[in-house]
Amino acid sequence: MELARTGARRPRGRAVPAALAIGVVLLAAGCVPGTDGSGAAGAGTGAATAIPDPAKAGKTTLTVWDQEIRGGTNGEIQQLNREFERKYPNVRIKRVARSFTDLKTTLKLAVSGNHPPDVIQANQGYPDMVAFVRAGLLAPLDNYAGIYDWNTRYPATLLNLNRVSADGDDFGRGRLYGISQTGEYIGLYYNKGVLKRAGLQPPRTWGEFTDGLARLKDRGELPIQFGNLDKYPAIHTFGVLHDQLGAAGARDTVLGRGDGFDNAATKDAAATLADWAKRGYLPGGANGLGYDDAAKKFASGDGAYLLTGTWQLADLKKPMGDRLGIMPPPPAKAGGDPVTTGGQGLAWSITSRSRHPEVAAAYLDFLTDAHAADVMTRHGVLPAVPARAAAGVSPDSVDGQMIAGWKRLSAADGLVPYLDYSTPTFYDTLSAALQGVVSGKTSPDSFAATLQKDYGAFMKKQREQHTSAGPR
Amino acid sequence: MRLAALTRAYRRRAPGEPRAIGYLYILPALIVYAVFLLYPFGQSVWLSFVNWDGLTVATPAGFDNYRALFTDASLRAPFLHALLLLLFYAALPVAIGLLLAAVMSRARVRGMTFFRTVLFLPQVLALIVVGVAWRSILAPDGLLNDALRAVGLGGLARPWLGDYTWALPAVGVVGTWVGTGLCMVLFLAGAQRIPRELYEAARMDGAGPLREFRTVTLPGLRPQIAVALTLTIVAGLRNFDLIYITTGGGPGNATSVPAYEVYHRAFETNQVGSAAAVGVALTVLIFVLTVTVSRLVEGRRA
Amino acid sequence: MTTRLERNVTYGILALFTVIALTPVIGILTTAFGAQNSLDTGFSLPKDGLHWSNFADAWSRGHFGTYLGNSVLVTVVVVAATTVLAILAGYAFGVMRFPGSTVLFHLFVIGLTLPQEALIVPLYFDLRHAELTDSYWALILPQTAQSLAFGVFWMRTYFRGSARAVIEAARIDGANTWTTLWRVLVPMGRPAISTMVVITFMWTWNEFLMALVMVSDEAHRTVPLGLAFFQGRHSSDAALLAAASVLIALPVVVVYVALQRRFIEGMLGGAVKE
Chain W
-1 MELARTGARR
9 PRGRAVPAAL
19 AIGVVLLAAG
29 CVPGTDGSGA
39 AGAGTGAATA
49 IPDPAKAGKT
59 TLTVWDQEIR
69 GGTNGEIQQL
79 NREFERKYPN
89 VRIKRVARSF
99 TDLKTTLKLA
109 VSGNHPPDVI
119 QANQGYPDMV
129 AFVRAGLLAP
139 LDNYAGIYDW
149 NTRYPATLLN
159 LNRVSADGDD
169 FGRGRLYGIS
179 QTGEYIGLYY
189 NKGVLKRAGL
199 QPPRTWGEFT
209 DGLARLKDRG
219 ELPIQFGNLD
229 KYPAIHTFGV
239 LHDQLGAAGA
249 RDTVLGRGDG
259 FDNAATKDAA
269 ATLADWAKRG
279 YLPGGANGLG
289 YDDAAKKFAS
299 GDGAYLLTGT
309 WQLADLKKPM
319 GDRLGIMPPP
329 PAKAGGDPVT
339 TGGQGLAWSI
349 TSRSRHPEVA
359 AAYLDFLTDA
369 HAADVMTRHG
379 VLPAVPARAA
389 AGVSPDSVDG
399 QMIAGWKRLS
409 AADGLVPYLD
419 YSTPTFYDTL
429 SAALQGVVSG
439 KTSPDSFAAT
449 LQKDYGAFMK
459 KQREQHTSAG
469 PR
Chain L
414 MRLAALTRAY
424 RRRAPGEPRA
434 IGYLYILPAL
444 IVYAVFLLYP
454 FGQSVWLSFV
464 NWDGLTVATP
474 AGFDNYRALF
484 TDASLRAPFL
494 HALLLLLFYA
504 ALPVAIGLLL
514 AAVMSRARVR
524 GMTFFRTVLF
534 LPQVLALIVV
544 GVAWRSILAP
554 DGLLNDALRA
564 VGLGGLARPW
574 LGDYTWALPA
584 VGVVGTWVGT
594 GLCMVLFLAG
604 AQRIPRELYE
614 AARMDGAGPL
624 REFRTVTLPG
634 LRPQIAVALT
644 LTIVAGLRNF
654 DLIYITTGGG
664 PGNATSVPAY
674 EVYHRAFETN
684 QVGSAAAVGV
694 ALTVLIFVLT
704 VTVSRLVEGR
714 RA
Chain D
94 MTTRLERNVT
104 YGILALFTVI
114 ALTPVIGILT
124 TAFGAQNSLD
134 TGFSLPKDGL
144 HWSNFADAWS
154 RGHFGTYLGN
164 SVLVTVVVVA
174 ATTVLAILAG
184 YAFGVMRFPG
194 STVLFHLFVI
204 GLTLPQEALI
214 VPLYFDLRHA
224 ELTDSYWALI
234 LPQTAQSLAF
244 GVFWMRTYFR
254 GSARAVIEAA
264 RIDGANTWTT
274 LWRVLVPMGR
284 PAISTMVVIT
294 FMWTWNEFLM
304 ALVMVSDEAH
314 RTVPLGLAFF
324 QGRHSSDAAL
334 LAAASVLIAL
344 PVVVVYVALQ
354 RRFIEGMLGG
364 AVKE
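So the sequences go chain by chain: W, L and D. Per the working numbering, the first sequence starts with residue -1, numbered consecutively. Per the working numbering, the second sequence starts with residue 414, numbered consecutively. Per the working numbering, the third sequence starts with residue 94, numbered consecutively.
Calculated directly from the structure, the hints in this document are not laboratory data. Treat the hints loosely; a few may be bogus.
Unchecked claim - Which chain L residues stay away from chain D? Per the calculated CB distances, all over 12 Å, these: (1) D485; (2) Y577; (3) P582.
Stated by the list, open to error - Straight-line alpha carbon distances no greater than 25 Å define the calculated DMTMM-like cross-link-like pairs of lysine to aspartate or glutamate that follow: (4) W:K458 <-> L:D477; (5) W:K459 <-> L:E681; (6) W:K57 <-> W:E83; (7) W:K92 <-> D:D310; (8) W:K102 <-> L:D466; (9) W:K190 <-> W:D216; (10) W:K276 <-> L:D576; (11) W:K265 <-> W:E206; (12) W:K276 <-> L:D559; (13) W:K316 <-> W:D372; (14) W:K451 <-> L:D485; (15) W:K316 <-> L:D554; (16) W:K92 <-> D:D150; (17) W:K102 <-> W:D363; (18) W:K459 <-> L:D466; (19) W:K276 <-> L:D554; (20) W:K451 <-> W:D250; (21) W:K215 <-> W:D320; (22) W:K451 <-> W:D266; (23) W:K459 <-> W:D250; (24) W:K405 <-> W:D335; (25) W:K215 <-> L:D559; (26) W:K405 <-> W:D250; (27) W:K102 <-> D:D310; (28) W:K458 <-> L:D466; (29) W:K85 <-> W:D367; (30) W:K57 <-> D:E224; (31) W:K102 <-> W:D426; (32) W:K459 <-> L:D485; (33) W:K439 <-> L:D554; (34) W:K316 <-> D:D150.
Said to hold, decoys possible - Label-pair ranges, simulated between beta-carbon atoms: (35) L:R606 <-> D:N101: 21 to 29 Å; (36) L:L566 <-> W:S441: 29 to 37 Å; (37) W:P153 <-> L:F483: 44 to 52 Å; (38) L:A433 <-> D:V177: 17 to 25 Å; (39) D:H222 <-> L:A563: 51 to 59 Å; (40) W:R80 <-> L:D485: 49 to 57 Å.
Backbone N, C-alpha and C define an ideal beta-carbon position, used for all residues, glycine too.
Assemble the whole structure, with the sequences as input and the hints as a guide.
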């Protein structure tokens, strides 16, 4: 509230002539650049036919925006960047790393600016990737996918999450606009020491897990550590609960062919989340606790479980050592197939106005090939496609547990995409509504209705667009 | 001959007389000011009448963007929050400032320079720094909750910035912290200027502290109150930095304010026309409030 | 004629509000010297000596060296431009009469209440169209325009108050308007001008929204923006965050302590004089 450029004087009564003068300026203000639609850049095509050779690109600076700021991924990216620069001494990588939230709030400004970064990490789904594609800001990568065999490197289900239809209307099919480096899933981290104190074993079924929560609470332990000040973490927690009640339906909904959110699965999952908060299974006032602060508390022994992504593993492992364990959320029946929210890390994409698309493509390939996968594994990061090094990881170590979980989930097709992909505004809608559920302010019914309102309106718009564009 | 006389006359004109050279002096400032402030404002007004996602072709929207300010709850809420915040950003600092000025106007204070420097300090800190400091104070295990627990009021401790009911007042308290010093300094300076004889006369009439405040101090501080209200209202409605760094509008949308909504809509969710309408409405609100204040408090007639 | 009680109450209240005003500031200062990676998420006292290295870490890991350089450059140019332009315009408004001067002056005064939020959206698209985003110009030009509203108003007040007789004497000595301004009035007006300079300095140094919108490139980032993103990356590392905050606030606080009279005078506008 500092007096930002505001003097003490109030406009006096003689404001009339000034108002008139402003009126003149108003008339002069015709149009704002870009309102004629000229801001939408034409989509680049990626015309390459042979493997690009960055060594021949001359002196090049590649600007890269990513959000890999945690210990594991940060170290892995730093190492790969160094290696890429050593391999191609003519290329310098200018890396800008910021938190997921900060990246999300500034990326739109950056890619639509005059000098967009060459490579960005874009969140999949309608809010970011589809919006960028629609505006012609990302370059399609299908040609490169052919040249570099990305199509065979990745399972189709993962690759499809980085696809957008050519008209920019639909997510999940069409052209390829990015590839992901890491695999990720929301796992159940547990503190072996805390479980032991409460006389519990790592749960084998979902029922064992939920029954254990009450016991932990009785023993004076915090059952589940959770911080939701940053708004997005509850998307993951809710996603896991939602998946347990109907993974297939949830996936169809995200991909635009399901029945939406006005259903029992949504309401029951929200009710469970609210119930956990009410019973004190989650820390009181989770909405006021930062996501990273919560992880820090879990690492220091506060909390038996932490439901979050595999991206936290490296940072948790450092202070916790052997006390840390991870598994996919336990299945309904012992030995059954697990389901959870996840898929892959944010997509690495090339902007359509990059002046070095070939170098960028080579960089993307370098970040995702088998060697990179091994570097990731050594840094405690889960690669989307584990390579040789993963086989050498002890299955009893927490890294081994993480990799084994990934393999089980992939084999059982148990990964449900993040719910915030669903509509252009769904990240905001869902994260805001979930804060309401956690605080007990929003009932499961009105939560489901809020989600459905956003989702239904978007689906209606999609259908209209498809009808007007004719059958295809 | 006539020309020479004219030139001579022109050169000899007294300073108060018209001279075209004034335009030359004003021109550079006016150009920068018009191009980078007035013109964009005009464009904002224009933008507020179109639907535009920032990328494709803009389409006329008539008054839709303005109508939505009243009909759309997600747009109405930020303005209600802003008005509520004014209690903390403007009313409370002025009230506290007056109270203190009333108490202190009766005594001469030594070391006034020191107190003034310290009390005014919050005004010069970057709001981003203020936000970082207060985020820490209001955190679940931050200073405020620690203090509450230490005095046995642990039951009141809560995650202030993450609580639906308390997040808005919590952000408001930060505004009170920033604004109170300004009001105090302003009123103290004003109170020192009120002729001592008025107080003496009031005391001769047997006035107690309360009546003295009502009949001498308050009327004497009218201009300062108007200035304080104007400054705090304008600053309170433009609190983007603080919201961005402390809550980002959360939890839910409990602390969204127009200033934040402009950024959010224009640069995050591609509703440029709506963002412009919020900006223009904010301008109108500031204008109406400041003019009202100067009329009411100062009793100025246009 | 004040009683002892009244005096004690007065000092008591002043002391209380001094503590309230200083607590967050001192909290940040002590935390800045604390150990990194401590599990405390709030303020803390340094327990095992002063960790001066936090500042070096914030400086290098947060790139604050670069950001400070950018902030200095932008601030210096904005302050210099505002000062010259406001002196020229304020001079004309203050001592000359010409048709339309009232309307033009009120045009500037309106800028005092016009919120940035009401123009930043089209301004961004304009500057992007002119290829000026991600450059120092995108920070300098709009901020100069915004500072001019106050600057012109402030300088006009000074020139109006400066003695007619001085101007008249200079004129009789054969000085034209230009030399009168720079040789006589500006040297006399140093206090008023320095007030404008410190206020503009503070506003520009602390500016956040403009930098957030206009600059996405790290090379042009200013310190408040740097701190916001630094908080995103190190939100759980209270010591580093506090150290970075201190680095940012320090320049303004130092100038403020040295010249507090100018700050207060400027920020309260002409009110105190009325």
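Next on the checklist: Quick check on a hinted range of 17 to 25 Å for A433 (chain L) and V177 (chain D), using CB atoms only.
Outcome noted: Taking Cβ atoms as reference, A433 (chain L) and V177 (chain D) lie about 21 Å apart, which means the hint holds.
Checklist entry - Taking C-beta pairs only, is D485 (chain L) more than 12 Å away from all of chain D? => result 18 Å, holds
Checklist entry - Do the beta carbons of R80 (chain W) and D485 (chain L) sit within 49 to 57 Å of each other? => result Given range 49 to 57 Å: holds, Cβ gap about 50 Å.
Checklist entry - Should the hint that R606 (chain L) and N101 (chain D) are 21 to 29 Å apart at their CB atoms be regarded as holding? => result 25 Å, holds
Checklist entry - Has the given pair, K92 (chain W) with D150 (chain D), been kept, meaning a C-alpha gap of at most 25 Å? => result Holds - the C-alpha atoms of D150 (chain D) and K92 (chain W) are around 20 Å apart, at most 25 Å.
Item to check | Pairwise hint evaluation, D477 (chain L) against K458 (chain W), where the allowed Cα distance is 25 Å at most | outcome: 21 Å, holds
Checklist entry - Between K459 (chain W) and E681 (chain L), is the straight-line Cα distance small enough, at 25 Å or below? => result 20 Å, holds
Checklist entry - Are P153 (chain W) and F483 (chain L) spaced within 44 to 52 Å by their CB atoms? => result 50 Å, holds
Checklist entry - When you check the alpha-carbon spacing of K459 (chain W) and D485 (chain L), does it fall within 25 Å? => result 19 Å, holds
Checklist entry - K215 (chain W) and D320 (chain W): Cα distance at most 25 Å? => result 23 Å, holds
Item to check | Given pair status - D363 (chain W), K102 (chain W), alpha carbons within 25 Å | outcome: 24 Å, holds
Checklist entry - Within a Cα-Cα threshold of 25 Å, do K190 (chain W) and D216 (chain W) meet the stated pairing? => result 18 Å, holds
Of the numbered hints listed earlier, not one is contradicted by the structure.
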